[in-house]
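Peer 1: Below, each chain spelled out in residue letters.
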Amino acid sequence: MPPILEVTNLTKRFGGVTAVNRVSLSLDAGRIYGLIGPNGSGKTTLFNCITGLVRRDAGEVRFKRRRIDGLKPHQVFHHGIGRTFQVIRVFPELTALENLMVVTTGDHARACRRAGELLRFVKIESLAGEYAGNLSYGQQKLLEFIRVLMTDPELILLDEPAAGVNRTLLNELLDAVRALRDRGKTILLVEHDMKVVMGLCETVFVLDHGEKLAEGPPGVIQSDERVIEAYFGR
Amino acid sequence: MNPFITPVMLGQVIISGLLAGSLYAMVALGLGLIFGVMRVLNIAHGPLLMLGAYVTFWLFSTVGLNPYLSLLVSMPLLYLLGMLLQRFLVRRVVDAPELSSLLLTFGVSIALVNVAQLAFTSDLRAVEYLTGSFVLGPFAFSKSRVIACAIAIAITVSAFLFLQKTRLGKAIRAVSQSREVAQVCGINVGRIHMIAFGLASALAAAGGSLVAVMVAIQPEMGQVYTFKSFLVIVLGGAGNYPGALLGGLLLGLIEQVSSLFLTTQVNEAVAYILLVLVLLVRPTGLLGGRAS
Numbered sequence: 001m002p003p004i005l006e007v008t009n010l011t012k013r014f015g016g017v018t019a020v021n022r023v024s025l026s027l028d029a030g031r032i033y034g035l036i037g038p039n040g041s042g043k044t045t046l047f048n049c050i051t052g053l054v055r056r057d058a059g060e061v062r063f064k065r066r067r068i069d070g071l072k073p074h075q076v077f078h079h080g081i082g083r084t085f086q087v088i089r090v091f092p093e094l095t096a097l098e099n100l101m102v103v104t105t106g107d108h109a110r111a112c113r114r115a116g117e118l119l120r121f122v123k124i125e126s127l128a129g130e131y132a133g134n135l136s137y138g139q140q141k142l143l144e145f146i147r148v149l150m151t152d153p154e155l156i157l158l159d160e161p162a163a164g165v166n167r168t169l170l171n172e173l174l175d176a177v178r179a180l181r182d183r184g185k186t187i188l189l190v191e192h193d194m195k196v197v198m199g200l201c202e203t204v205f206v207l208d209h210g211e212k213l214a215e216g217p218p219g220v221i222q223s224d225e226r227v228i229e230a231y232f233g234r
Numbered sequence: 001m002n003p004f005i006t007p008v009m010l011g012q013v014i015i016s017g018l019l020a021g022s023l024y025a026m027v028a029l030g031l032g033l034i035f036g037v038m039r040v041l042n043i044a045h046g047p048l049l050m051l052g053a054y055v056t057f058w059l060f061s062t063v064g065l066n067p068y069l070s071l072l073v074s075m076p077l078l079y080l081l082g083m084l085l086q087r088f089l090v091r092r093v094v095d096a097p098e099l100s101s102l103l104l105t106f107g108v109s110i111a112l113v114n115v116a117q118l119a120f121t122s123d124l125r126a127v128e129y130l131t132g133s134f135v136l137g138p139f140a141f142s143k144s145r146v147i148a149c150a151i152a153i154a155i156t157v158s159a160f161l162f163l164q165k166t167r168l169g170k171a172i173r174a175v176s177q178s179r180e181v182a183q184v185c186g187i188n189v190g191r192i193h194m195i196a197f198g199l200a201s202a203l204a205a206a207g208g209s210l211v212a213v214m215v216a217i218q219p220e221m222g223q224v225y226t227f228k229s230f231l232v233i234v235l236g237g238a239g240n241y242p243g244a245l246l247g248g249l250l251l252g253l254i255e256q257v258s259s260l261f262l263t264t265q266v267n268e269a270v271a272y273i274l275l276v277l278v279l280l281v282r283p284t285g286l287l288g289g290r291a292s
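Protein sequence lines, in the order shown, are assigned to chains A and B.
The opening position of the first sequence corresponds to residue 1 in our numbering, with each subsequent residue numbered one higher.
The opening position of the second sequence corresponds to residue 1 in our numbering, with each subsequent residue numbered one higher.
Looking at chain B on its own, in the form it has when it is part of the complex (with noise of 0.2 Å):
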């Protein structure tokens, strides 16, 4: 417990907080996107998070790419690997009952987990790339996680405006609100389902990229990002897309502002603690999401 808790610091949590929670909102709106076209929950969304990390790494590494240019690299090979893997693997469990689904993404994840273990080792790495803070005023803040929001946010609007704007994008919306009438419509719903996996799997990579620079990377960071990625849609209402957004931002907040009061251990607890506490009182979400 901290005593001395100026506003000062209040408002560098908060700023944090959001700092990110738009990284959460970002890559949680990937998970949220395939639970809301075909009801399954990706366990494997922060394995393939973390595929996104060693991209940048390796890059960063090998040729010396600039970690954010690797977001070039990382979100159109992710786009790839989803799309196979909607199209060989999860295609199979979509109409199955929800346990189908959650054993065959965990398994998926165990691999990807085993594959960047064999690949890559266990060892820590790192991109020591952007290191320092922008300092404003009383408050400072991270390089690092500054551009991170601002990429995050740069790429969360453009998914958002391709969902609303788009024919494709409608397309997308129409097979989440019901598939056989989608299906009547002339819309390929396997097709679509691909898209969706693939724009999801970008979306994981996007966030694994960013945070390469920011935290170590090693084969098992992604599953946090799973279950953080789950707390923001059940936070904002599963199959709302915007709720995504708000979830991630409070997320973030939440768990910056009780660093101030608890220990780094007890922290690490406060977001599992939300989820039950989430689940019990408000299932359907801050803004309620649609019934499944």
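One chain only, chain A, in its complex shape (with noise of 0.2 Å):
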């Protein structure tokens, strides 16, 4: 089976800031994938770049075998890629069950329908009604991830979803992206909780200053000394 997502040599740069610089990966369709890295290393940016929100300098991005660098981040969710945000990015002035009608699908009765089972899937179904700015942080948190789920996208990348989550939400929102998984799903996570990262990933890619550092399973990559030097310092 190909790569259900290629992303080679790409590189962006900010004014004289190389905030992704030739970065190579690829992942396999049905697999939980991590990427960490210090505080501006890029991770972020390189979600940007494969959903989007900006436009790469140079490299390539294929999906599904199929160049999408250069492409709307409304057309890439198209092809079938979800993403959630570091910062929870809701709707605040539109209502829960709003919140994920507004997600571009096709027939609406569907789309009604597929809302009502992912509010009933994360617990928050009586709140559909409520403008998502008075909901919680951990539900609007919920709302965020299952706004990803309502096209079902076969790539789904989470910037830091454990971030702020009290246990009892993070073993559910782990549980569910495990769920997700394997349903044949592909996910790609940032995150900084590295007990999420080695109990939750496959493999691990490391980024620090933009590059890409180091590859391969938690267990290695956490004693990799490269890796421990880009977070601790020599």
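Think of the hints as simulated: they come from the structure by calculation, not from any bench.
C-beta: ideal position from N, C-alpha, C; glycine also.
A few of these clues could be false.
Derived CB-CB ranges, DEER-like [claimed, not checked]:
1) A/His-78 with B/Ala-111: 36 to 44 Å
2) B/Leu-102 with A/Gly-129: 37 to 45 Å
3) B/Val-63 with A/Ala-58: 56 to 64 Å
4) B/Glu-180 with A/Gly-106: 17 to 25 Å
5) A/Asn-134 with B/Ile-5: 40 to 48 Å
6) B/Leu-277 with A/Met-194: 53 to 61 Å
7) B/Thr-62 with A/His-108: 41 to 49 Å
8) A/Gly-133 with B/Ala-96: 24 to 32 Å
9) A/Arg-66 with B/Ser-61: 55 to 63 Å
10) B/Phe-88 with A/Arg-67: 23 to 31 Å
Residues from chain B that keep clear of chain A, each with C-beta distances beyond 10 Å, as calculated [as the list claims (entries may be wrong)]:
11) Thr-121
12) Gly-137
13) Ala-271
14) Leu-274
Two chains, two frames, a set of hints: combine them into the complex.
Peer 2: See below:
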């Protein structure tokens, strides 16, 4: 099977700063990948390049063999890539249900059904009519997470899903991520919580100063000297 | 100063104020929509209204079309023009600093006024269709203003229901709340911007067609509506759509009530003074808008 996502020599500069420098990664379908690295190492920029929110300066992104670099974000979305943001981004002045319903999908009735299922899936169905801005932090996090699932994307990019989430909620989220993987979805997540990364991911990529420093199973990465050095200094 | 103000006079100006205010609210909703969705203050909003008035005048004087039916032409026509303006001009300045979009729409505004001068000359035109008043007890209401008010309310309510209830309306609100998130939810933001600009222009056109029956039509009639719409959204709170309604009604009321006390020339300044006051005292608007 060819990789579902293939990033080749991706480069993005902001002025004189090279935020992402010739990064290549390859993701196989049905696995959970971690993306780690110190602050400012280019993780979110890499996400933004993949989803089309910022335009790469050089390199290629292929999704299911098709070039998607250069596409607009909504076009990338329609190819089957969903994402969440580091800081929760829900539409505060739309209700929880409306937050799901604005996701562009074909058939209205099906979207309604799907939205209902997802709200029940994370047990916030009683809040469907509440403005998203009035939900608790954890509820907003869940809402943003299930919004990604509205269209059943093949590849899901999660930017710090565990940040600021209590342990009960975290376990639910992690179970949900594993359940998605078991259904054949591919997940790439940025995470600072090493316990989460070690317990969840099958392969970890390490970024430092915009470059890919290392790649491998979490156990190996954890003891990689270069990685330790990047995080803690020499 | 008029020392003889009777309750009937007061009642009369309040009613006139509400009649005028509903029209302001509808027109300002358009300006507020563009501002809310793409943070662009469209100086050309009033001149678009002027074009709507000319469409009505032209259809009335050439084929004798009922001015109220001409809304069915002016609104779609201006919807299209608005989409084109967005697609080819405004799109370029959506992410630019505010000054760029102000300059651009100011330029569009000048161009529209000049095109109207070339096409229709600067002569004052009128659509003499409906004169006279409805009389109810001691009060009299100009027929054209009552009808304009009713149509404006109907259009404004429809626009609201559209924004609140339909998926496209929700997508428009989603884009105005966060463009980035809307994009990763699969919403084509460029398309939404075009639709929003088109809708806003159609609302301006409706205003133009309705005032065509009430006031003299000339190429520079529009600018004052840009200004008043701006005042209305400042009153109501930028980006706050229900606030625009309240702001419109308030502006109509204040203008009319102050006309009891002030001469016509001084009264023209009331709206301007009000704008300065609101910006000084409560810049987020009466209902509180989103910080921009």
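Peer 1: Take the hints in turn and mark each one as holding or not.
Peer 2: A quick look at each hint next to the structure:
no.: 1; hint: A/His-78 with B/Ala-111: 36 to 44 Å; verdict: 37 Å, holds
no.: 2; hint: B/Leu-102 with A/Gly-129: 37 to 45 Å; verdict: 39 Å, holds
no.: 3; hint: B/Val-63 with A/Ala-58: 56 to 64 Å; verdict: 60 Å, holds
no.: 4; hint: B/Glu-180 with A/Gly-106: 17 to 25 Å; verdict: 23 Å, holds
no.: 5; hint: A/Asn-134 with B/Ile-5: 40 to 48 Å; verdict: 46 Å, holds
no.: 6; hint: B/Leu-277 with A/Met-194: 53 to 61 Å; verdict: 57 Å, holds
no.: 7; hint: B/Thr-62 with A/His-108: 41 to 49 Å; verdict: 43 Å, holds
no.: 8; hint: A/Gly-133 with B/Ala-96: 24 to 32 Å; verdict: 29 Å, holds
no.: 9; hint: A/Arg-66 with B/Ser-61: 55 to 63 Å; verdict: 57 Å, holds
no.: 10; hint: B/Phe-88 with A/Arg-67: 23 to 31 Å; verdict: 28 Å, holds
no.: 11; hint: Thr-121; verdict: 45 Å, holds
no.: 12; hint: Gly-137; verdict: 43 Å, holds
no.: 13; hint: Ala-271; verdict: 29 Å, holds
no.: 14; hint: Leu-274; verdict: 27 Å, holds
Hint violations for this structure: none, all hints satisfied.
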